[in-house]
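Note that the protein sequences, when read in sequence, are chains A and B.
Residues in the first sequence are numbered consecutively from 1, following the working numbering.
Residues in the second sequence are numbered consecutively from 1, following the working numbering.
Be aware that a few hints might be false.
If chains are identical, the list can't say which one is meant, so a pair holds when it fits in one copy or spans any two.
[Stated by the list, open to error] Cross-link-like lysine-lysine pairs, in silico, DSBU-like; alpha carbons within 35 Å at most:
#	residue 1	residue 2
1	K22	K37
2	K169	K22
3	K215	K131
4	K22	K7
5	K119	K221
6	K215	K119
7	K37	K169
8	K37	K221
9	K94	K215
10	K37	K131
11	K169	K7
12	K221	K22
13	K215	K22
14	K22	K94
15	K94	K131
16	K131	K22
17	K131	K7
18	K22	K119
The hints are simulated quantities; they were obtained by calculation from the structure and are not laboratory data.
2 protein chains.
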Amino acid sequence: MAHVQEKTAAIIVIGNEILTGKSQDENAGFLIGELYKLGIRLRRIVVIPDDVDEISRAVRECAAQFDYVFTSGGVGPTHDDLTIEGVARAFNRKMVRHAELAAMIRNYFGQGADEARMKMADAPEGAELIKGEGLRWPVLAVENVYVLPGVPEYFRSKFLAIRERFRSKPFHTRAVFTLEDEFDLAPRLNQVAADHPEVEIGSYPNFSSPDYRVKITLESKEAPAVERAFAALLSLLDSSSLVRTE
Amino acid sequence: MAHVQEKTAAIIVIGNEILTGKSQDENAGFLIGELYKLGIRLRRIVVIPDDVDEISRAVRECAAQFDYVFTSGGVGPTHDDLTIEGVARAFNRKMVRHAELAAMIRNYFGQGADEARMKMADAPEGAELIKGEGLRWPVLAVENVYVLPGVPEYFRSKFLAIRERFRSKPFHTRAVFTLEDEFDLAPRLNQVAADHPEVEIGSYPNFSSPDYRVKITLESKEAPAVERAFAALLSLLDSSSLVRTE
Chain A
1 MAHVQEKTAA IIVIGNEILT GKSQDENAGF LIGELYKLGI RLRRIVVIPD
51 DVDEISRAVR ECAAQFDYVF TSGGVGPTHD DLTIEGVARA FNRKMVRHAE
101 LAAMIRNYFG QGADEARMKM ADAPEGAELI KGEGLRWPVL AVENVYVLPG
151 VPEYFRSKFL AIRERFRSKP FHTRAVFTLE DEFDLAPRLN QVAADHPEVE
201 IGSYPNFSSP DYRVKITLES KEAPAVERAF AALLSLLDSS SLVRTE
Chain B
1 MAHVQEKTAA IIVIGNEILT GKSQDENAGF LIGELYKLGI RLRRIVVIPD
51 DVDEISRAVR ECAAQFDYVF TSGGVGPTHD DLTIEGVARA FNRKMVRHAE
101 LAAMIRNYFG QGADEARMKM ADAPEGAELI KGEGLRWPVL AVENVYVLPG
151 VPEYFRSKFL AIRERFRSKP FHTRAVFTLE DEFDLAPRLN QVAADHPEVE
201 IGSYPNFSSP DYRVKITLES KEAPAVERAF AALLSLLDSS SLVRTE
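Given these sequences and hints, build the entire structure.
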């Protein structure tokens, strides 16, 4: 499934408010669409509580397994904002006051730069600051981990400002909608999947509308491979049950 | 954070279609609300691809760490339906044809019970079938892992049919909405959190409307503990900036 040429990613959403339903996460949903359009293979989303051990474990694991890791949430000034510390622990780095960030905060808040505000300059030693067009505050990154805020407006503007550095070859996708039953399709579909291991084939039954009964998707970065699998699939389907292709 | 008397849960959402944005997950969002109302502490949500190794690893890890694990998706008849096999591997159990399930399938499909349909009777050895009012097909469970389908209508009806077995003491929650700035609040909030470790306190800034600037939540299964923390917090807040409490 993980094709050699693909860059992979994980999203770590941090926050008790998501796990208790006090807030609905919007950031993972947004990033799913962005990463897909960028040609990045998203391999995992994990939602965890505001707990520094859990954060550091998730970050360490994802950073080791995937090319890019994006965290969402847990970056404010209060006791439940533990993401930066979790990232530091994940990489066994000390937390230090980042000189450049500290200068930015002093510059912005002036006399109002009290300890709660200055704390926003604490970062893992050696953290990188990525500046983006139109961003007041940079994105903090440690190795392949990009720390983004939980507030959806800021999550989006920060990701959009750094997006182009992740752009890769896009996915090529085909879809087939049919009125055939998924059970009846299964043997043929399994055959096409076995014959075209380089193409990711998905089968999704639909029970909520009468338009079609199964949507089959075929996907890869190699368009010719997708087209070959698509042709092979079409040749095996009952053409009178075919609703449409995309 | 994990309080002794609380039962914990994890949700494992399985499906490439979620990670690529072809479908939006509705099941985790639904279950977040249900588990909260049942008094179950949801500790993790993980979304992973249709990959048997990843499924078995996630199931093994979550089953060992949490009281209940719910899986969503990957239970149909096609090559990308790997959840049941992943659960079997997580518990080192063989896949066997479940006699009772096989009889139900033969009974329902009659002459149409071909191999694709009979495959739905394959389950980890010793799997439990949980029957629920109004359910045509039982919920399959292995140890503390409950296997639910990805199609939202079926996910819901199956979970609702087995829901009562999970009911526990409910959470007691208070909320405070204020116009104070989160940076200014931070020292007082951190103090209340430190003084009331048995209460989970969250702080959520709001930038999308002018109604309030920070929402503070206080939560525990012990109502008196929440009320004590709530009173302590109110005594520290600027009353002229207080918008409302809940």
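key: Intra- versus inter-copy proximity for K119 and K22 (alpha-carbon distance at most 35 Å)   = within (26 Å within a copy, 40 Å between copies)
message = Reference check for the pair K94 and K215, CA-CA at most 35 Å: within, between, both, or neither?
response = between (50 Å within a copy, 31 Å between copies)
query = Between copies, within a copy, both or neither: which fits K94 and K131 at Cα up to 35 Å?
reply = Within. Shortest intra-copy distance 23 Å satisfies the 35 Å Cα cut-off; inter-copy 53 Å does not.
message = One pair to classify: K119 and K221, alpha carbons no more than 35 Å apart. Within, between, both, or neither?
response = between (44 Å within a copy, 32 Å between copies)
ask   = Are the CA atoms of K215 and K22 at most 35 Å apart within a copy, between copies, both, or neither?
value = Classified as both; 34 Å inside a copy, 10 Å across copies.
message = If the cut is 35 Å between Cα atoms, do K169 and K22 qualify within a copy, between copies, both or neither?
response = Intra 38 Å, inter 18 Å, cutoff 35 Å: inter-copy only.
ask   = When no copy is specified for K37 and K169, does a C-alpha distance of 35 Å or less occur within a copy, between copies, both, or neither?
value = Within one copy only: 9 Å inside a chain, 44 Å across chains, cut-off 35 Å.
key: Identical-chain pair category, K131 with K7, by Cα at 35 Å   = Classified as within; 23 Å inside a copy, 43 Å across copies.
task = Go through the copies and call it for K22 and K94: within, between, both or neither, with a Cα cutoff of 35 Å.
result = within (33 Å within a copy, 41 Å between copies)
task = At 35 Å max between alpha carbons, let me know whether K215 reaches K131 within a copy, between copies, both or neither.
result = between (42 Å within a copy, 30 Å between copies)
message = My question is about K169 and K7: at a cut-off of 35 Å on alpha-carbon distance, are they close within one copy, between copies, both, or neither?
response = within (10 Å within a copy, 45 Å between copies)
message = At most 35 Å between CA atoms: does that hold for K131 and K22 within a copy, between copies, both, or neither?
response = Intra 32 Å, inter 32 Å, cutoff 35 Å: intra and inter.
Against the hints set out earlier in the document, no violation occurs for any number.
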